[in-house]
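*Asks:* Residue strings, one per chain:
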Amino acid sequence: MIKTTTAPFPTIRLRPWLGITATAAAILASWMGLVWAPTDAVQGDVYRVIYVHVPTAWLAYLAFVIVFLASVGWLWTRRPWFDALAVASAEIGVLFTGLFIVAGSIWAKPTWGVWWTWDPRLVTTAIMFLMYLGYLLLRSLSTDFERRATRAAVLGVIAVVDIPIVHLSVLWMNSVHQLPTVARIGAGPALDAQMGMTLGVSVIAFTLVYLALLVERMELERRRQARVLEVRS
Amino acid sequence: MNATRRALLVTARELFAERAQPDGLAAALTFTGMLVLLESLAFGPGRAREADVASGVFWIAVLFAAVLLSARSFDRDLEDDAIDAVIALPGGRDALYAGKVIALGAILLIVAAAAGLFSVFLLDLAIALPGHLLLVALAGVVALPPVIVITSVIALRVRARFAVVPILSFPMLVPQLVAATQGAASALTGDGPAALAWAGLLAAFTLVYAVLGLTIVPAAIE
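Protein chains in written order, with our numbering: chain A, 1 to 233; chain B, 1001 to 1222.
The reader is advised that the hints may include incorrect statements.
Pairwise CB distance ranges, derived in the manner of DEER restraints [what the hints assert, rightly or not]:
1. Gly98/A with Gly1044/B: 33 to 39 Å
2. Phe1162/B with Arg232/A: 28 to 34 Å
3. Ile106/A with Phe1162/B: 33 to 39 Å
Here are some chain B residues pointing at chain A (derived, C-beta under 8 Å) [said to hold, decoys possible]:
4. Ile1154
5. Val1174
6. Val1208
Hints are computed from structural coordinates only; laboratory data are not their basis. C-beta atoms are modelled at their ideal positions from N, C-alpha and C, and glycine is treated no differently.
In isolation and in its complexed conformation, chain A is listed as follows (with noise of 0.2 Å):
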């Protein structure tokens, strides 16, 4: 039985300062992209897609963990916090793997010459893409809400293991794209201190952008499972 009646939703009470905060960094992070960090000697301005490239793809992979641990969570609680954090952050995740893709697509032209190659890391990200549309369309084609958490929890789970897949397919098979830059093991970033900087305020400020967008979107699902449970009463 759920438990959605004597289990109350936490209210998330920092979510107006979360969106000036998102917005503060987009905007410092945009100027440092943009004008702050030096052009690279090699690419020259091109490279500068990075700071979307890299933000999105660890948001990407970070939105996804996160529907991992909320699956785990509501088949372990059945607390519908859970799956309105699962949907929340699925939907956020497939939009910044889009723009992941969108950006990178962006970067190979003018550096590989062609806007998409079977390169494995397109091919898999591709696939996790996929993966999690078909996670959405699944939770679109349930009515009932508990069966539909349940279902969309146990793929939430098991969409998981593509995300190391995406993330060593570079390492694992031969690629054009390069090795990982900054999340290198048994070694530090590759990359200049002012260009380091920069992504790393970029990744900050995509990360509190996405978390901005979760509680919005975890406050219309709060507000969609309310009205279930009041006509379900």
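Assemble the complex: chain A is given as a structure, and chain B must be docked to it using the hints.
*Replies:* Frame of chain A, contents of chain B only:
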């Protein structure tokens, strides 16, 4: 009754049901044969005989056959409400998952053997390493049911189930498809170490999804 015995009972029940009404097997055999034939015609005789193309066509045919067989198996259970009786038993959910995985694997082996023989005959394929090819084929077939049954269970009693199962399972099965295709192509061209490496990857893939399935899927069975 222990868990293994319960799972084997479900397997036996599935196999008896398929034997009594072999419509799933007949559809899968016809479908794979037709797909191999059509794709060979589409590629042309020269390209269709290339090891990687022949392997890719074969594995795509087997993949679709697995979805067909699983759909038929769950349809049968839903038609006569057998699924409710099985999951009502103690340990019934785990047994249902494991039993269906084993049964689907067994039926799929028949389909894959027939499709493989048909491909070899139709395309006049030269097999450099038959033993390696058998190993890759076995590992590739065994890797399919854990994922297909997981997605079939998740999509059980969902609207548009027939569309949802492939949409959910095919992205998950890409590593299986790549490894099985590359492994079979390696065995056909005589690259033994590569074929064994791909077979190892298939075994690891099977293990991951079988463990995940047994751990979590029973919670999703309604």
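*Asks:* Run every hint past the structure and note whether it holds.
*Replies:* Consistency of the hints with the structure:
no., hint, in the structure
1, Gly98/A with Gly1044/B: 33 to 39 Å, "holds, 37 Å"
2, Phe1162/B with Arg232/A: 28 to 34 Å, "holds, 30 Å"
3, Ile106/A with Phe1162/B: 33 to 39 Å, "holds, 37 Å"
4, Ile1154, "holds, 5 Å"
5, Val1174, "holds, 5 Å"
6, Val1208, "holds, 6 Å"
Checked against the numbered hints above, the structure violates none of them.
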